[in-house]
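Participant: When you get a sec, could you build the whole thing from the sequences and use the hints?
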Amino acid sequence: LLFIATLIISPVEVFAWSELSTQTFFSPMLNLTLGEKNRIQHAIAEAKERIREFQRFFQPSTRVRLEVILLNENEYHDRYNAPVWSAALYRAGQILIKYRREEKLSHKELINLFSHEFIHSIIAHGAGSSCSHSMDEGIAMIFEKLSSHSMEDLLREIVIHAPKEYISGGQPVPPFPTLFQRTNKVEIVRSYEDATNEILTLLSHSLRAEESSIVTLEQCLPKIRHLIGALTAPQEQRWVFEGAQTQLTPSL
22 LLFIATLIIS PVEVFAWSEL STQTFFSPML NLTLGEKNRI QHAIAEAKER IREFQRFFQP
82 STRVRLEVIL LNENEYHDRY NAPVWSAALY RAGQILIKYR REEKLSHKEL INLFSHEFIH
142 SIIAHGAGSS CSHSMDEGIA MIFEKLSSHS MEDLLREIVI HAPKEYISGG QPVPPFPTLF
202 QRTNKVEIVR SYEDATNEIL TLLSHSLRAE ESSIVTLEQC LPKIRHLIGA LTAPQEQRWV
262 FEGAQTQLTP SL
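Residue numbers (this note's numbering): 22 to 273.
I should point out that these hints are in silico values taken from the structure, not numbers from a laboratory.
Please read all numbers here as calculations on a predicted model, not as lab measurements.
All C-beta atoms, glycine included, are put in the ideal place defined by N, C-alpha and C.
Each hint should be verified, as a subset may be incorrect.
[Claimed, not checked] With a straight-line cut-off of 30 angstroms between C-alpha atoms, the simulated DSS-like cross-links for lysine-lysine are:
{"no.": "1", "residue 1": "58", "residue 2": "125"}
{"no.": "2", "residue 1": "206", "residue 2": "119"}
{"no.": "3", "residue 1": "119", "residue 2": "129"}
{"no.": "4", "residue 1": "206", "residue 2": "166"}
{"no.": "5", "residue 1": "125", "residue 2": "166"}
{"no.": "6", "residue 1": "129", "residue 2": "244"}
{"no.": "7", "residue 1": "244", "residue 2": "166"}
{"no.": "8", "residue 1": "166", "residue 2": "129"}
{"no.": "9", "residue 1": "58", "residue 2": "166"}
{"no.": "10", "residue 1": "125", "residue 2": "206"}
{"no.": "11", "residue 1": "125", "residue 2": "244"}
{"no.": "12", "residue 1": "206", "residue 2": "244"}
{"no.": "13", "residue 1": "119", "residue 2": "166"}
{"no.": "14", "residue 1": "58", "residue 2": "129"}
[To be verified] Restraint ranges, calculated between C-beta atoms of paired labels, are given here:
{"no.": "15", "residue 1": "229", "residue 2": "49", "range": "46 to 54 angstroms"}
{"no.": "16", "residue 1": "56", "residue 2": "113", "range": "38 to 46 angstroms"}
{"no.": "17", "residue 1": "246", "residue 2": "184", "range": "17 to 25 angstroms"}
Facilitator: Take a look at the structure:
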């Protein structure tokens with residue numbers, strides 16, 4: 022990793038727990054204060070705690086070790102050819118973050134950003150190429166927004182937010198193969214919305230014990246069958262929460 026070697030920095034404190042450990046690097050081009058670095062580290066720690074429940078969808082042996090690299094805008098786009106509209110990328114053990122000092126993301130926004138990318142990394146380690154890009158993004162969008170203190174609460178929120186019908190019958194959303202080449206913001210947002218609604222529908226149908234939906238989701242969430250069987254409430258209790266249909270907004 023030549024770029025990291027050229028940053029002329031030492032990795033900051035490593036936050037770790039049994040399943041996910043991270044090492045954070047700050048580009049010298051950012052000129053961040055110690056206070057700002059600490060704020061970012063606290064957001065990383067909270068994001069990891071927030072997605073602890075998500076890791077139950079994978080085998081206990083799954084261990085993820087990540088390098089979190091914060092870059093200025095030029096470094097992020099020029100060095101890694103990241104699309105203009107993106108704010109972060111996961112790639113092979115690295116999370117790249119475009120950090121704009123002038124915007125100064127709120128603590129909640131930072132946590133959402135890190136949570137989203139951590140979910141991508143967990144899926145990559147636990148499911149690999151069996152999980153399509155569109156399903157991967159849809160899952161990250163949902164669990165970034167709906168992470169909670171317990172799996173039971175999270176499943177309840179999925180029931181509340183799920184669309185009534187399938188979007189595309191469990192098939193990958195067509196625009197995703199060329200997503201990074203796109204520049205039209207409307208098309209990009211629509212792709213993320215479609216992927217999110219598709220996964221919400223699959224999850225909702227899985228909670229109703231629909232076999233085809235469970236099989237589809239097992240490509241990305243290998244232990245979903247076990248979790249649904251162990252954690253879902255009786256059906257008459259679960260569907261009390263239906264009706265409050267809320268649109269999830271993609272965080273690009």
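Participant: Between residue 119 and residue 166, is the straight-line Cα distance small enough, at 30 angstroms or below?
Facilitator: Distance ~20 angstroms between residue 119 and residue 166 Cα, so the pair holds.
Participant: Just to be sure I understand the hint, the distance between the Cβ atoms of residue 56 and residue 113 should be within 38 to 46 angstroms; is that true here?
Facilitator: violated, 31 angstroms
Participant: Would you mind confirming whether the straight-line C-alpha gap from residue 166 to residue 129 stays at or under 30 angstroms?
Facilitator: holds, 11 angstroms
Participant: Is the Cα-Cα distance between residue 206 and residue 119 30 angstroms or less?
Facilitator: holds, 18 angstroms
Participant: With a cut-off of 30 angstroms on the C-alpha distance, tell me whether residue 58 and residue 129 pass.
Facilitator: holds, 16 angstroms
Participant: So if I understand the rule, the pair passes when the alpha-carbon distance is 30 angstroms or less; does residue 119 with residue 129 pass?
Facilitator: The given pair, whose Cα atoms are some 16 angstroms apart, holds under the 30 angstroms limit.
Participant: Residue 58 and residue 166 were given as a pair; does the straight-line alpha-carbon distance stay at or below 30 angstroms?
Facilitator: holds, 24 angstroms
Participant: Given the hint that residue 125 pairs with residue 166, does the C-alpha gap stay at or below 30 angstroms?
Facilitator: With a Cα-Cα distance of about 20 angstroms, the restraint between residue 125 and residue 166 holds, given a limit of 30 angstroms.
Participant: Next pair to validate is residue 244 with residue 166; report whether the Cα-Cα distance is within 30 angstroms.
Facilitator: Cα-Cα ~21 angstroms, so holds.
Participant: Is it true that the CA of residue 125 sits at most 30 angstroms from the CA of residue 244?
Facilitator: Judged against 30 angstroms, a Cα distance of about 37 angstroms means the pair is violated.
Participant: Is it true that residue 229 and residue 49 lie within 46 to 54 angstroms of each other by Cβ?
Facilitator: 53 angstroms Cβ-Cβ, so the 46 to 54 angstroms window holds.
Participant: CA of residue 129 to CA of residue 244, is that 30 angstroms or under?
Facilitator: holds, 29 angstroms
In this structure, the earlier hints numbered 11, 12 and 16 are contradicted, and the remaining ones agree with it.
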